[in-house]
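Novice: Listed below are the residues making up each chain.
4 protein chains.
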Amino acid sequence: MTTPAEHPAGLDRNNPEAEIVARAEAYRNWGRWGADDVLGTLNFIDAAKRKQAAALVTEGTVLSLTQPFDMNGPQKGWRRRTNPVHTMLDTGTDAERGSQGFPHGIGGADDVIAMPLQCSTQWDGLGHIFDHGFAWNGRRAGDVVTSEGDLVTGIEHAAASGVSRGVLLDLGRFLRPDTGELDDGYAITADDLNACISAQGATSVVGTGDMLLVRTGQLTRARRTGWGDYAGGPAPGLSLTTAGWIHRSEIAAIATDTWGFEVRPNEFDVPAFQPLHQVAIPNIGLTIGELWDLDALAEACIERGRFEFLLVASPLAITGAVGSPINPVAVF
Amino acid sequence: MTTPAEHPAGLDRNNPEAEIVARAEAYRNWGRWGADDVLGTLNFIDAAKRKQAAALVTEGTVLSLTQPFDMNGPQKGWRRRTNPVHTMLDTGTDAERGSQGFPHGIGGADDVIAMPLQCSTQWDGLGHIFDHGFAWNGRRAGDVVTSEGDLVTGIEHAAASGVSRGVLLDLGRFLRPDTGELDDGYAITADDLNACISAQGATSVVGTGDMLLVRTGQLTRARRTGWGDYAGGPAPGLSLTTAGWIHRSEIAAIATDTWGFEVRPNEFDVPAFQPLHQVAIPNIGLTIGELWDLDALAEACIERGRFEFLLVASPLAITGAVGSPINPVAVF
Amino acid sequence: MTTPAEHPAGLDRNNPEAEIVARAEAYRNWGRWGADDVLGTLNFIDAAKRKQAAALVTEGTVLSLTQPFDMNGPQKGWRRRTNPVHTMLDTGTDAERGSQGFPHGIGGADDVIAMPLQCSTQWDGLGHIFDHGFAWNGRRAGDVVTSEGDLVTGIEHAAASGVSRGVLLDLGRFLRPDTGELDDGYAITADDLNACISAQGATSVVGTGDMLLVRTGQLTRARRTGWGDYAGGPAPGLSLTTAGWIHRSEIAAIATDTWGFEVRPNEFDVPAFQPLHQVAIPNIGLTIGELWDLDALAEACIERGRFEFLLVASPLAITGAVGSPINPVAVF
Amino acid sequence: MTTPAEHPAGLDRNNPEAEIVARAEAYRNWGRWGADDVLGTLNFIDAAKRKQAAALVTEGTVLSLTQPFDMNGPQKGWRRRTNPVHTMLDTGTDAERGSQGFPHGIGGADDVIAMPLQCSTQWDGLGHIFDHGFAWNGRRAGDVVTSEGDLVTGIEHAAASGVSRGVLLDLGRFLRPDTGELDDGYAITADDLNACISAQGATSVVGTGDMLLVRTGQLTRARRTGWGDYAGGPAPGLSLTTAGWIHRSEIAAIATDTWGFEVRPNEFDVPAFQPLHQVAIPNIGLTIGELWDLDALAEACIERGRFEFLLVASPLAITGAVGSPINPVAVF
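Chains as they are written, first to last, in UniProt numbering: chain A, 1 to 332; chain B, 1 to 332; chain C, 1 to 332; chain D, 1 to 332.
One or more of the hints may lead you astray.
One copy or two, it doesn't matter: identical chains are merged, so the pair holds either way.
[As the list claims (entries may be wrong)] With a cut-off of at most 25 Å between alpha-carbon atoms, the simulated DMTMM-like pairs for lysine to aspartate or glutamate come out as follows:
1) K49 / E59
2) K76 / D229
3) K49 / E250
4) K49 / D269
5) K76 / D12
6) K51 / D184
7) K51 / D12
8) K49 / D12
9) K51 / D70
10) K76 / E303
11) K49 / E267
12) K49 / E25
13) K49 / D70
14) K51 / D37
15) K76 / D36
16) K49 / D178
17) K49 / D36
18) K49 / D229
19) K51 / D191
In case anyone wonders, no lab produced these hints; they're calculated from the structure.
This structure is a prediction, so every number in the text was calculated from the model and none was measured.
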């Protein structure tokens with residue numbers, strides 16, 4: 001088997017399946033952490049990494065990397081992904097009017113939410129994507145995720161795995177110093193990632209167990225122009241050909257400011273859908289973050305001239321979930 | 001006005017309203033952080049506190065303090081609080097069978113959730129409780145929380161406020177070395193808190209900006225005996241008379257391993273409902289965590305002989321929410 | 001007080017409030033069925049009317065007047081009205097694969113739905129609209145509908161009230177024989193209604209206790225051109241000036257093939273919103289049906305030369321609901 | 001093949017699978033209405049039957065046969081079946097307070113619901129149950145119901161099929177004239193059904209296209225004693241051995257006042273689960289109604305000495321649903 005191409009020019013644009021299979025075989029981590037593994041690349045985070053991450057807190061400044069969970073979000077209903085619907089069970093209006101039936105002047109408000117777990121800032125769990133009927137670590141997809149949920153790699157297993165060193169690569173600013181925003185359809189290459197690290201300097205070096213945040217600038221643009229097709233349409237993002245770079249880097253997780261982390265439209269002339277997901281999640285075992293807001297973080301990094309920080313992004317422990325809404329925080 | 005009693009024996013058990021009003025007036029923080037404040041005691045967390053907290057990470061060990069978000073949870077439908085209902089939009093079974101209609105062998109699973117925001121491990125937001133028709137900082141309840149949500153103090157404002165030094169006070173073990181579990185109905189007093197701090201030692205000292213975690217042991221018991229009335233029934237918890245201690249301590253937040261943080265039944269011989277909430281949330285401006293799992297944390301603290309750690313508990317940025325599901329993590 | 005104008009030309013287009021108040025006062029039915037009434041004009045349906053309706057079944061032909069309850073519906077999220085989200089708890093794929101854990105070869109599928117009660121074919125209940133803080137029969141709005149639901153006139157009270165004679169007035173075909181579709185913004189007048197009855201003939205006469213169905217043709221257009229702003233945008237519909245006609249006719253209910261039953265934009269040059277609702281629901285006590293599909297019914301009526309039929313449209317008995325999804329059926 | 005036993009004494013209580021298979025083979029209607037059929041026994045309802053049904057309306061009296069859709073319902077969370085959660089998007093309290101932002105004094109209330117489609121009074125659709133991996137009409141279960149819903153026999157196809165002659169058999173009163181309530185675990189036999197028809201008289205004769213309602217009295221008991229295990233626990237209901245009677249009767253549908261229509265515990269000494277469902281839905285193609293309230297209907301029938309009426313029970317047209325909440329109405 002030849003090594004898969006690491007530049008889009010090397011892709012056979014008429015054969016996505018072959019390109020995916022080659023990378024799946026080349027970069028597959030099945031069995032690397034034992035037959036029972038449920039964490040994939042999150043295993044790369046160890047105690048030393050967490051100590052290193054905490055030591056990056058030199059100021060005590062904290063930034064949230066979340067987008068709002070809001071009815072006015074980007075979702076348009078595709079594949080039944082709606083924006084979150086948040087409703088009240090009790091209100092202050094009722095409390096003030098005195099109609100709640102509680103004693104001694106107490107009043108209360110409660111609320112409920114109905115939402116897809118992938119509707120806003122989130123982690124994709126290991127049960128989110130399958131490759132030819134197989135899930136992470138080589139399990140049959142139907143043995144893992146039934147209509148009862150992910151019976152094996154549910155995101156609850158990652159409840160204590162979201163703490164590490166975070167590194168921001170601001171590809172938007174690096175490649176487009178004029179606007180800070182990559183064009184929709186721009187495929188970020190391994191060379192781009194390496195060059196950005198070089199340009200940003202030593203605090204940007206990415207290694208085993210780090211959580212890598214890639215800012216494309218697409219969210220900045222959506223804020224200016226409206227959501228449009230932000231949820232599922234054309235977007236800048238990682239090229240399928242970065243699969244090797246991702247594998248070698250031994251990052252624990254990756255997240256972007258886009259809906260789908262990889263470039264869209266996908267890099268083929270025939271029908272294709274999220275080929276890098278197909279390599280990354282079930283084969284590499286990579287946890288992927290989407291719909292993050294990296295704009296304030298990018299400004300904070302530039303201001304300080306450093307691109308590393310303590311990152312905490314803990315999924316909700318929803319039993320059997322294949323994803324989780326999160327509120328990631330970066331601490332300097 | 002006399003100083004409100006700081007021991008249950010001093011309560012007039014026939015007059016909850018007077019006891020509440022006295023404490024509300026004595027400990028009210030309205031205006032303390034300006035007329036526009038939306039954070040309350042979370043304001044006590046400053047950069048120095050966060051640096052101090054991060055410096056507690058000496059090992060790189062992380063523990064999640066969450067209970068599961070699961071259909072088999074404690075909720076029984078009271079006030080429409082159900083357990084979370086998690087359903088799949090796509091499954092591995094469908095993917096494996098090849099019926100999803102995607103190209104090149106990719107398959108996917110997505111999911112949705114419908115849940116009360118207070119159903120499992122959570123923060124109560126500042127719009128959760130009202131006092132005589134008033135919300136935090138003296139606003140009219142009906143100006144703050146309508147059926148559109150909390151228009152002023154929605155929990156999204158606290159998105160970057162959940163990072164601080166955490167301190168565990170294991171009242172269960174301290175008061176009941178035999179079982180490690182306080183009885184239902186046991187009212188934790190200010191003296192109990194102070195004595196526990198003394199017994200646990202210097203790492204347990206609680207001060208401005210800390211997040212205080214109080215383990216009662218009730219969850220330990222529920223795990224052994226079944227949920228029973230864990231969600232809303234009798235429970236150990238803080239006495240109304242601790243309001244002064246809480247106010248003076250200048251803690252940023254408090255959380256317990258119970259449904260409702262304060263003792264239940266409440267400490268009156270006439271109908272009463274969560275009087276300490278009525279003082280703490282709208283008057284003191286305190287963020288309260290409930291349904292946390294502090295058991296593994298307690299063991300970790302005892303093992304190390306230290307009761308302080310970095311605590312990160314970031315709410316989801318749900319616009320207008322009066323509470324949020326969370327996955328708090330403690331890092332040693 | 002002068003009689004309110006019954007033609008749009010008589011409206012003061014700069015004073016919606018005065019025009020609404022005049023009609024509210026002129027046509028108010030408060031107290032007509034006693035102080036405790038919870039049904040409004042549904043009271044007009046009596047046993048004789050139901051017998052008459054059943055006697056219209058001369059063929060045994062049944063037609064459903066429902067639109068689909070489907071993710072691909074017209075809702076766009078305005079005021080948190082989404083399309084219904086239907087998800088499976090168990091599937092045939094899982095059953096066929098044998099992973100459900102049931103004995104002797106049985107398998108099952110269950111499902112859940114999350115939807116606004118006004119998302120597709122529906123009845124508006126009496127608690128759906130208020131006039132200057134008052135609900136049907138003169139009750140304070142806040143005494144009727146709190147965050148616990150409609151405590152007084154919840155749609156469960158109408159569970160046995162949806163059976164009557166139905167009459168179709170096909171205003172689309174009558175006024176636009178060329179296309180069968182009224183233009184968006186066309187305000188149907190009392191004269192239009194009377195002329196349509198005359199043209200359609202004796203089976204179209206509308207009287208006490210009938211349920212009146214008005215076809216505008218807008219749904220026909222939306223099917224051809226896509227939803228666009230069908231849910232809330234410009235639409236043909238009844239003029240505010242038909243309030244008197246509606247009141248005198250003593251119809252039990254009215255329904256249309258549009259989102260909002262009345263003409264949109266509303267007939268004013270200053271901000272206005274659904275003025276006929278404001279007169280009809282809280283003052284007249286009228287039950288209003290929206291998002292019905294009247295196209296097949298219209299063809300059936302024309303084919304038969306008769307416009308009356310047995311109509312059964314029973315709301316779900318959702319405690320405290322201010323509306324209900326329905327599947328209305330017409331039987332010839 | 002011998003004819004399956006039509007009395008419980010003839011069952012091999014250690015071999016549910018053989019007893020089910022025998023009946024499935026004997027009573028299977030696959031292909032009876034063509035290869036593309038999506039209605040099953042609802043096909044038995046024809047125009048003549050509907051005319052006959054309408055002609056039963058001699059008084060104009062209407063009764064709803066629904067149970068409430070209410071948080072205080074019988075569901076306990078088994079298989080994620082909760083009671084319906086109904087929440088408000090807008091309230092009268094807000095409207096009265098003037099905080100909704102609408103012009104000219106209009107106010108509004110909207111609501112949403114989240115519920116299992118099988119939570120209260122309902123029809124089971126044809127995709128609800130499978131037999132050895134096969135669905136109604138011999139289709140592979142995984143070709144019919146995926147996580148996208150029932151792609152073939154979704155309940156929307158039955159939107160115009162819920163109108164027929166209804167017949168009530170009050171087995172509770174017939175077999176237990178003392179209490180009117182069958183004991184939990186009582187298995188109604190074919191002989192019981194025939195004897196009840198004889199006793200009730202000519203208006204009770206059941207034939208092709210009728211919808212049969214069987215009152216057991218269990219709901220009456222639950223109303224008196226509390227829900228207990230009404231949703232899924234022991235119950236009176238039809239014996240597996242009535243499958244032949246059901247098949248020969250050519251009824252269009254059957255409904256009961258219990259959770260599961262058939263007797264529980266099921267009639268075997270080894271693990272078994274709803275064997276009559278397994279024969280009736282995928283093999284006979286029978287539509288089954290559950291959780292109906294037949295008490296007022298039974299009184300109305302006795303009072304009149306007749307047990308037949310127009311029955312209208314139209315499912316909501318939820319695309320791909322395997323069941324639907326309904327409000328069935330009987331008209332005399």
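Novice: So, for every hint listed, does it hold in this structure?
Specialist: So, going through the hints one by one against the coordinates:
{"no.": "1", "hint": "K49 / E59", "in the structure": "both (19 Å within a copy, 10 Å between copies)"}
{"no.": "2", "hint": "K76 / D229", "in the structure": "both (8 Å within a copy, 15 Å between copies)"}
{"no.": "3", "hint": "K49 / E250", "in the structure": "within (13 Å within a copy, 33 Å between copies)"}
{"no.": "4", "hint": "K49 / D269", "in the structure": "neither (42 Å within a copy, 54 Å between copies)"}
{"no.": "5", "hint": "K76 / D12", "in the structure": "neither (32 Å within a copy, 40 Å between copies)"}
{"no.": "6", "hint": "K51 / D184", "in the structure": "neither (38 Å within a copy, 39 Å between copies)"}
{"no.": "7", "hint": "K51 / D12", "in the structure": "neither (44 Å within a copy, 51 Å between copies)"}
{"no.": "8", "hint": "K49 / D12", "in the structure": "neither (39 Å within a copy, 54 Å between copies)"}
{"no.": "9", "hint": "K51 / D70", "in the structure": "neither (35 Å within a copy, 32 Å between copies)"}
{"no.": "10", "hint": "K76 / E303", "in the structure": "neither (36 Å within a copy, 40 Å between copies)"}
{"no.": "11", "hint": "K49 / E267", "in the structure": "neither (35 Å within a copy, 48 Å between copies)"}
{"no.": "12", "hint": "K49 / E25", "in the structure": "neither (29 Å within a copy, 48 Å between copies)"}
{"no.": "13", "hint": "K49 / D70", "in the structure": "neither (34 Å within a copy, 31 Å between copies)"}
{"no.": "14", "hint": "K51 / D37", "in the structure": "within (24 Å within a copy, 34 Å between copies)"}
{"no.": "15", "hint": "K76 / D36", "in the structure": "neither (37 Å within a copy, 34 Å between copies)"}
{"no.": "16", "hint": "K49 / D178", "in the structure": "neither (35 Å within a copy, 39 Å between copies)"}
{"no.": "17", "hint": "K49 / D36", "in the structure": "within (23 Å within a copy, 40 Å between copies)"}
{"no.": "18", "hint": "K49 / D229", "in the structure": "neither (38 Å within a copy, 42 Å between copies)"}
{"no.": "19", "hint": "K51 / D191", "in the structure": "neither (30 Å within a copy, 36 Å between copies)"}
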